[in-house]
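*Asks:* First residue of the sequence shown? That's 582 in our numbering, and the numbers climb one at a time after it.
Rather than coming from a laboratory, the hints here were simulated on the basis of the structure. Hints may contain errors.
To be verified - Each pair of labels, with its calculated beta carbon distance range:
| hint | residue 1 | residue 2 | range |
| --- | --- | --- | --- |
| 1 | 750 | 677 | 23 to 31 Å |
| 2 | 635 | 755 | 33 to 41 Å |
| 3 | 624 | 755 | 33 to 41 Å |
| 4 | 625 | 698 | 15 to 23 Å |
This one's a predicted model, so the numbers in the text were calculated from it and none came from an experiment. Where is the CB? At the ideal position from N, CA and C, for every residue including glycine.
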Amino acid sequence: DTRISNALNYLVTKQNTAAYGHIVANISLGCLPGGFACQACTAVIQPAIDAALTAGIVVVAAAGNDGPTANTVNRPAACEGVIPVTASDSIDALASFSSRGPEVAASGLAAPGSGLTSTTLGGMSRGGLNGTSFASPIVAGAAALVLSRKPTATVTLLNNEVKTILRGTADNIGLASTSQGAGRLDL
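Take these sequences, add in the hints, and give me the full structure.
*Replies:* Quick look at the structure:
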């Protein structure tokens with residue numbers, strides 16, 4: 582919790598500076614509340630998320646890979662103000678491993694996160710990668726594109742225009758809102 586909080590607080594100091602401009606935070610980690618040493622949004626993480634949003638930072642997080650059970654959105658994706666991201670597959674179904682829950686319905690999106698190809702640290706291509714940690718950076722990148730086109734967009738806990746645009750342009754792929762949120766990312 583402290584490391585996540587420190588990272589978000591560091592980003593607040595860099596937001597809208599000449600060297601960094603607008604910042605979008607992608608958090609591709611998490612834990613299932615109630616699991617090993619994992620609690621709901623704590624007094625350490627939520628204030629850091631609130632500070633990031635107050636500074637205008639869009640916060641995107643992987644929903645987790647604890648599906649197919651309901652109500653499995655990991656923290657910090659389940660925290661207030663965060664855009665939680667689930668993983669869809671190549672036929673626009675929810676990936677079986679993807680977490681899901683009411684937090685996704687209220688604030689989230691789905692994005693490709695199954696059978697992806699990426700590179701290793703050595704630069705070699707590797708296919709067949711799966712996880713909401715691959716889906717959330719796609720949404721974070723889309724959020725950055727929105728900010729590049731609309732640099733004055735309001736980003737706060739109660740009014741996040743970037744989230745509204747992403748969710749408003751998402752394609753409904755016919756899944757439950759707890760699985761797809763507003764739909765699959767389509768920017």
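*Asks:* Report the numbers of all earlier hints that the structure fails to satisfy, in ascending order.
*Replies:* 4
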